[in-house]
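Trainee: Listed here are the chains, written in short residue letters.
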Amino acid sequence: MTERIVIVGAGTAGIVLANNLADELADEIDAGDVAVELVNDTEEHVYKPTWLYVPFGEKTPADATRPLAPLVDDRVTLVIDRVDDVDTESKAVSLVSRAETRPYDHLVLAMGAQVTPEETPGLAEGGHHFYGPAGATALREELSDFTEGHLVVSVVGVPHMCPVAPLEFALIADAWFRDHGLRDDVELTYTYPIGRAHGIEAVAEWAGPLMDERDITVETFFNAERVDPDDEVIHTVEGRDLDYDLLVAIPPHDGSDLVRDAGLGDDGWVDVDPNTLEARGADDVYALGDVADLPTSKAGSAAHYAAGALADRLASVARGERPTAEYDGKTVCFIESGTDEATYIAFDYDESPVPKEPSKLIHWSKLGYNQSYWLTARGVL
Amino acid sequence: MSETDVRADVTVDAVGSSCPGPLMDLIGKMKSVDSGTVVELLSSNEGTEDDLVEWTEQSGYEYLGAVDRDDHQAFYVRKS
Ligand SMILES: Cc1cc2nc3c(=O)[nH]c(=O)nc-3n(C[C@H](O)[C@H](O)[C@H](O)COP(=O)(O)OP(=O)(O)OC[C@H]3O[C@@H](n4cnc5c(N)ncnc54)[C@H](O)[C@@H]3O)c2cc1C
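Same order as they appear, the protein sequences are chains W and Y. Residues in the first sequence are numbered consecutively from 1, following the numbering used here. Residues in the second sequence are numbered consecutively from 1, following the numbering used here.
These are computed hints drawn from the structure, not numbers from a lab. Using N, Cα and C, we set each Cβ at its ideal position, and we do this for glycine too. Any given hint might turn out to be false.
As the list claims (entries may be wrong) - These stretches of chain W come out as covered by chain Y in the derived footprint (C-beta under 8 Å, 3 or more residues): (1) 103-110; (2) 237-244.
As the list claims (entries may be wrong) - Some, not all, of what chain W presents toward chain Y, calculated at C-beta under 7 Å: (3) V158; (4) G199; (5) F221; (6) N223; (7) P295; (8) E351.
Claimed, not checked - Residues on chain Y that point at chain W, a partial pick, calculated with CB under 10 Å: (9) G16; (10) S17; (11) K31; (12) G47; (13) W55; (14) Y61.
Only chain W is shown next, with the shape it has when bound in the complex (with noise of 0.2 Å):
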């Protein structure tokens, strides 16, 4: 019987796990013993962390965007179709538009997070976001003409996807004025939601004096409940007004309805072990990258290395072994700080980071890694 790996979602994630089991099974995928099958419900992969550069003219979607098969290894079969259903008692995964149902012996779910600005009254209308195609390029034409005036980033949802993108765009957002002659006409504030700049500590101690010398006002403990897009003012839990002329807001993220309705996480997160990446509600399920509720941030990076464990994890199950491979939660982080310089930061569940000092060096090998990344979606690097 051929044992069957069926992967939901070709992020990232998915990808990374499903070229690197093409690798590690080749033999048994050759001799028919297993089949790894993943899904996708488009026929593109997407390289998110190009949208931070599209708002600055730097680049545009479509470099973000690569057709989905030439990446995927020839041994695993790829599916273009939607799930719309996860049956974890019958080992099932519904297709929307072949109307069919796929058997699994081994389910993957790396669906990634969902971005729904519709959850914050007024801020669908009111602000602008670079967490998609086109709020990057609809903020583009703001900036562009955007020369004086007060511009907030606001960080309305956290978790969100890359924890320390909200910084960058602020960072990098002061260097562009900076570079374009109009900083002195534009005042810059980035809010967040709980009382320092940034959730991880050793972040937000290495930013909060870093934007205080770039003269970005951080409010802090700043939760807007909803936006009021005539008047442009964000109104938060807290009692507080900020009136803004231009506003770039951090989105809430949604998990998965799938994962909701399969009784795999109430919230849309699948609820896993953190280091076997097995999901707590059903056997031989398991979930990768954003859609997965680990204890690290939503990032490309960790869902490449939890990708590595899985895939060694479930070769081990499928030839019959113990798996043994286990997800640390290593996480690494570029974080442009300007428009041409960067500094990085690299963390796992037992390891804080600590931010190096910002360089050139570091802002070009963010600009290279960006270059590269094509090779660790084909499981190459």
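With chain W's structure known, arrange chain Y with the ligand on it following the hints.
Mentor: Below, chain Y with the ligand alone, put in the same frame as chain W:
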């Protein structure tokens, strides 16, 4: 305080979440409940109490206290 001193209307279970997860889960819930609602936050994270006390001071919501349970604490907050 003890378990019998307060009755929660709503519970937010953030046991196992790391910072700022528990506080964020609480704030998220606070946005959707009516004034006067008592929300119970379950957390096993060490920093939650300090964060919560500071946040209630800033927001004007009422911090009612905490109860120790086996592997976590229960915190109680009333929406003003
Ligand atoms: C602006 C921005 C900047 C970022 N910068 C960084 C960075 O510098 N470093 C970093 O490490 N991370 C960064 N990230 C985060 C990183 O992009 C995500 O953490 C990563 O994409 C998560 O991968 P994933 O595979 O879990 O989800 P995704 O990449 O979102 O992929 C999910 C896939 O599942 C598919 N899908 C969803 N639902 C279904 C369904 N029902 N059926 C079939 N297919 C489905 C989707 O179409 C998609 O292809 C950034 C994110 C953003 C938005």
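Trainee: All hints, please: hold or fail.
Mentor: For each hint, the structure was consulted:
1. With 0 residues bearing a CB less than 8 Å from a CB of chain Y, the stretch 103-110 of chain W misses the requirement of three and the coverage assertion fails.
2. Chain Y is given as covering the stretch 237-244 of chain W, and this holds because 3 residues of the stretch bring a CB closer than 8 Å to a CB of that chain, at least three being needed.
3. For V158 of chain W, the suggested interface contact is upheld, since its CB lies about 5 Å from the closest CB of chain Y, less than 7 Å.
4. At its closest, the beta carbon of G199 of chain W sits 5 Å from a beta carbon of chain Y; the interface hint therefore holds under the 7 Å criterion.
5. Using the Cβ-Cβ criterion of 7 Å, the hint placing F221 of chain W at the interface with chain Y is satisfied: the shortest such distance is roughly 4 Å.
6. Contact between N223 of chain W and chain Y, as hinted, is supported at the beta carbon level, the nearest pair being about 5 Å apart and thus within 7 Å.
7. The interface hint given for P295 of chain W is met, as the beta carbon of that residue sits about 4 Å from the closest beta carbon of chain Y, less than 7 Å.
8. Hint status for E351 of chain W: violated, given a least beta-carbon distance of 13 Å to chain Y, over 7 Å.
9. The beta carbon of G16 of chain Y comes within 7 Å of a beta carbon in chain W, closer than 10 Å, and the hint placing it at the interface holds.
10. For S17 of chain Y, the shortest C-beta to C-beta distance to chain W is roughly 7 Å, which falls under 10 Å, so the interface hint holds.
11. Interface restraint check: K31 of chain Y against chain W, minimum CB-CB distance 6 Å, threshold 10 Å, status holds.
12. Checking G47 of chain Y against chain W by beta carbon gives a least distance of about 9 Å; that is within 10 Å, so the hint holds.
13. For the restraint placing W55 of chain Y at the interface with chain W, the shortest Cβ-Cβ distance is roughly 6 Å, inside the 10 Å limit, so the hint holds.
14. A distance limit of 10 Å between C-beta atoms decides the matter here; for Y61 of chain Y the minimum to chain W is near 9 Å, and the interface restraint holds.
Of the numbered hints listed earlier, those contradicted by the structure are 1 and 8.
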